[in-house]
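Those protein sequences? They're chains R, X and V, same order as listed. Going by this note's numbering, the first residue of the first sequence is number 3, and it counts up by one from there. Going by this note's numbering, the first residue of the second sequence is number 3, and it counts up by one from there. Going by this note's numbering, the first residue of the third sequence is number 20, and it counts up by one from there.
Everything labelled a hint here was simulated from the structure, so no lab data went into it. Warning: the hint list may mix true and false statements.
Stated by the list, open to error - Sample of chain X residues facing chain R (criterion: CB under 8 angstroms; computed from the structure): (1) 53; (2) 78; (3) 106; (4) 109; (5) 113; (6) 121; (7) 155.
All C-beta atoms in this analysis are idealised placements derived from N, C-alpha and C, irrespective of residue type, glycine included.
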Amino acid sequence: MEEIVQAFFNWEIASEAMPIVLQGLLNTILLSLMVVPLGLINGLLLAVLAQSHRRWIRWPLMAWVDFFRAFPPLVLLILLFAGLPFAGLELNGFSCVAIAFFLNTGAYYGEILRAGIESIPRGQVEAARSTGLSATQTMIYVVLPQAVRNVLPDLLSNTLEVVKLTALGSVVAVPELLFQARQAQSVTYNATPIVMAAVIYFLILWPVVRLLSRLEHRALVLRG
Amino acid sequence: MPAIVSAKAIHKHFGTLHVLKGVDLDVAERELVFVIGPSGSGKSTLLRCLNRLEQPTSGSITVDGIDMLSSKTDINHARQRIGMVFQSFNLYPHMTALGNVTLALRKVAGKSRAEADRLGQAALERVGLADRAHHRPAELSGGQQQRVAIARAIALEPKVMLFDEPTSALDPELVGSVLAVMRSLRESGMTMVVVSHEMGFARAAADRVVFMDHGLIVEQGAPAQIFETPSHERTRAFIGQIQRH
Amino acid sequence: MSSWDRFLHTFFNLQVMEKYLPDILSGMVLTIELALAVVVAGLLAGLILALIRSLGIRPLNWLIIFVVDIFRSLPPLVVIVLIYFGLPAAGLSASAFVSTWLSLALVLMAFSEEIFWAGITSTPRGQWEAARSTGLSFSQTLFSVILPQALRITIAPLTNRTIAITKGTALGTVVALHEILGMASSAVSNSYNPSPLMMGAAAYIVLFLPVVVAARWIETKFAWKR
């Protein structure tokens, strides 16, 4: 028992590692603040384009979305990080994360938003168009506000996933929370920093998980 | 009286289904034209062609001098002149009644928020719902929602109002309030094309009744003539069926 | 050589690909084994937890909710690292396969428990009452009446979530698991050529794209109204 506490909950090491770990937390937050809006914008673009009447737009779009939902984000990240240098493009870990996440999370957000847009009854669009609103105005003022409201739980859920996904940055040396924790762990030969990282992730994300649980439950019950 | 709406030789196909088989319809200013017919006769489709919610396969449509089917026409601009009221109201649930009415005023007619609110409030007063301006559609009864929908359409001061079965989705006791608004619109001189089953209203208020069946206009004339002495067999049969209710 | 040829020679080098194809294939086998192990363990554990929860024992429920919340809040990578690097400090050891499997299974367990639970609770009370009033026992009602209906609601979110989590098998690379990404990465360092990575990417597409397409199909199939 004593050993376990020493190995996982060592106070000395915890206080030593705290600054490093907190730096990592800061970077995780910054990374999330960058990546989530990027993904949302990409997703919005994909969702709106998916409403096109032209098959030659819709089908490649569907293929794109399915591809980036099927492709593991870590593989995409490594492909960019380790592969691009061979093409003469040396991107740092941070940029690779930005690109990989833009592509991957954009596809997921895109699917969620698309489902939201398509759940809005046609009558709404017809009423808006009949008063002279253009297709763009209809999308902005009538369809999207309702669509986003309808899929808010799913958007929130996906955002939670994206924040957790930032941990992947540790694989390409982005100094986010997990990376910093592992650095501290390898220096001290002690698992406490990793436990600290886990606790921090839990403390930050658990309230969102609880909120989501409630929202999802309500939505699922209503849908049934 | 010059025709403010002029539809000629309208054909509409949905895939292989030939829904409108060559329809001509002229509506004069200030006229209330009532369109009746069995379901599937194409009357709603015809109405929706008038503001190009449906694109006819062939034919021509002119409303207030504007060629509705030309690709050169700014359709959004043209639609300001045509108001439409739907069977399922189609109010925007995320906006108040006033918000519903003023959206197009602000975004299409370019009015300032203050001006739009003033005009919107006036429109709501015309339909008797000035005190509900800040309620959401979910807080209103069906009849009230439909009246807000009418206010939304008339706020833009259209030349023509199109009604697609405006009372069919309402509980019977709420129908009267909507018909009253429609009557007052008529009295103020609005040109109206109404697709509906409300025969009593037609008898009392319509200038002309048009009977459609299987994608064609079978017969049209004054209400008294169509309801009492129809010339065509099919008209007779339809009127007979309706009256039996 | 033209730049196109150079590009092909670098990224789609047939000799290098041929040399490392066996590695990638063995990586695929491992990935499939891992994914299946995760799905079976995770879904089973999630279902069991949801069933236990349906018994309605308060303190037990709180424990379940707490555990589930933990594994919904933690990034899977953190759990893998914690298990693989952490356990030795406590005198235990876990192989790369077990660490990856355990972590992904626990995460799937957490998410699937929530989904199963939502499915069970969304079935109307009336179904329980009707079944019990005809004399069916608790478990008979659960298995013959409630679960089949719950399944309809759970199928779509369940397939989505399962696919998302099984893609996490790639995370095993971080603990030197010999799955596709791991094999591809070492091949790249050994041959100083990125072609093995392209093969690895293709391997993932071959494995997961059909699954995603099948999932779309399943979703539409189960969209029938009550």
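Here is what the structure says about each hint:
| no. | hint | in the structure |
| --- | --- | --- |
| 1 | 53 | holds, 6 angstroms |
| 2 | 78 | holds, 5 angstroms |
| 3 | 106 | holds, 4 angstroms |
| 4 | 109 | holds, 5 angstroms |
| 5 | 113 | violated, 12 angstroms |
| 6 | 121 | violated, 13 angstroms |
| 7 | 155 | holds, 7 angstroms |
Hint compliance for this structure: hints 5, 6 are not met, and every other hint is.
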